[in-house]
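Residue-level listing of the chains:
There are 2 protein chains.
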Amino acid sequence: MRSTSRPVILTGDRTTGALHLGHYVGSLRNRVELQHTHQQYVLLADSQALTDNADHPGKVRRSVMEVATDYLAVGIDPSLSTICLQSALPALAELTLLYLNFVSVARLERNPTIKDEIQARGFGRDIPAGFLCYPAAQAADITAFKATVVPVGEDQAPIIKQTNELVRRLNRQIGRALLPEAKALIPTTGRLPGVDGKAKMSKSQGNAIPLSASDAEIATAVQRMYTDPNHLRASDPGQVEGNVVFTYLDAFDPDAEAVAELKADYRRGGLGDMVLKRRLTGILQSIIAPIRDRRSELAADPDTIMDILRAGAERGRQVTEQTKMEIIEGLNLFRL
Amino acid sequence: MRSTSRPVILTGDRTTGALHLGHYVGSLRNRVELQHTHQQYVLLADSQALTDNADHPGKVRRSVMEVATDYLAVGIDPSLSTICLQSALPALAELTLLYLNFVSVARLERNPTIKDEIQARGFGRDIPAGFLCYPAAQAADITAFKATVVPVGEDQAPIIKQTNELVRRLNRQIGRALLPEAKALIPTTGRLPGVDGKAKMSKSQGNAIPLSASDAEIATAVQRMYTDPNHLRASDPGQVEGNVVFTYLDAFDPDAEAVAELKADYRRGGLGDMVLKRRLTGILQSIIAPIRDRRSELAADPDTIMDILRAGAERGRQVTEQTKMEIIEGLNLFRL
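Taken in sequence, the protein lines are chains A and B.
Here the first sequence stands for residues -14 to 321, where the numbers follow the working numbering.
Here the second sequence stands for residues -14 to 321, where the numbers follow the working numbering.
Because the hints were derived from the structure by calculation, they are not lab data.
Each statement offered as a hint is correct.
You can't tell identical chains apart in this list, so a pair holds if it fits in one copy or across any two.
Simulated pairs of lysine to any residue, SDA-like, Cα-Cα distance not exceeding 25 angstroms:
(1) K185 - D140
(2) K100 - R110
(3) K131 - E311
(4) K44 - I313
(5) K44 - N317
(6) K44 - F108
If we strip away everything but chain A, and leave its shape as in the complex, we get (with noise of 0.2 angstroms):
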């Protein structure tokens, strides 16, 4: 199963909160796909969750648990991906501070990740040292399991390109090429927006519908939906883009036919929102109801899950620390 040929992936969640539809249809079910034909390992990445969160540490503690039991209740497999405890593989810190000696500090401000997230989160010269320092913590993931996958959204491809900065730095002064140089997988689907219209479904925003959601919360969250505000009667015309519903129906119904028809009668006039939002809903209850029922299985026996994150991390603490000793080889550090 974890033949060395299949090529490795690495993903992962900053763990600051449950899981919700966004996460699931920008990576969850690809992971799940992706985990037989890949050698995958799945990051809790608590560590860096704490570098915007030092003043928040119960939120990120609480949220790995929250995090590991969406991870096994989607369906990523334990014994077909490995789900790695970050702050349990202390090689990633090592590597880190080492990377941190090749990247100059005028460097990590031009990342335009680092640059949009430092304006988003109202940052500015006070931004924390360690929210600064994260691209070199994502290159030490990435190289620590040699992954030349990483599915990342269209906003972070900027970490992967300084990623391979690095791999390219390291490996000249190596003398061969140690570490491999990772590839963004940019997912096909767009990034999901809120229930609200708003560009981005985010639990803080309160526009999100998360992996534990009853059938009651999801019909009221499908009934809150944005459509077309000048759609007022179901036998005017309405609009299509930017109608929340229809990118649902876009992202989630298995019949893309059915969904064109619907989309046609829509502009024509004739079809009123309600049918639609019973649609979507009935699709989405039929989604998530599964997954929130292992969830509630899988939280009433957290010492399996604990045990799932130990042999994870054994896993991850044996790949990361056989690199991390391939590197101080090759850099010709000392080796006690």
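Got chain A; can you put chain B on it based on the hints?
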């Protein structure tokens, strides 16, 4: 011997070259005294040495054994002091990354030590990120050993101040004084100038007397020493201030009274440089000879040094891992 009631000292050196007389005066001979009254950890700071030597890892690697040999040769006793290789203690890297989340980039840039060193090294904005972050790394080193006494040069005092800021920040969040604040121990002897009279003795400046110097090398170095350029004939009055030979006599001559008389004679006129230099040569030779001899004995047996480093790393790991776990629990972080 390892009584916990003794105050804990953390000291050490960046491994960027063998040590010299400047180190002996400024720190080594103090450590030999302090190890009898303190619990002393001596850090071979190879990770920190890389923060501005990423292009010269070979120098850093070779220096580990050089510095370790110097330590043992001057009388740092591994049964009284714990000699620890920084890179062998992963908890130090993990705590550094954690601490970076509690300090802003602006605060690191305001650190006077960092500011001065950036200027001295001509880094500008191309400063390696690891170098900017090193106050957090030093805070990790100091707190991981729960050191309360840190011998540093005056120029390094701001690092201790920043460490204590972090200690207070962490203790506030932990809710109790888990980590002690540290006091800088500034040596009473001023910094030893180079033989050329420049403020700092430094191997790279070519103005240093290494602890491995032969009698002939010592004599030559003293011969080159800067005295009073206007003191042309022995009968002329000479100047004591800024006269490197007198600075060295102040630092090394055990007979302070005799030195005071020599100073008076020199000022009056009638005392030639050669008399002084012969005296100093004899004193330095008698200090360095036993160190040099022990140095060559030790250098002939690298396995013993490696054993000492391994035992020190083992003790260091116990202490630093323990502190790391206390911090993880104190901050209520996730623990596998």
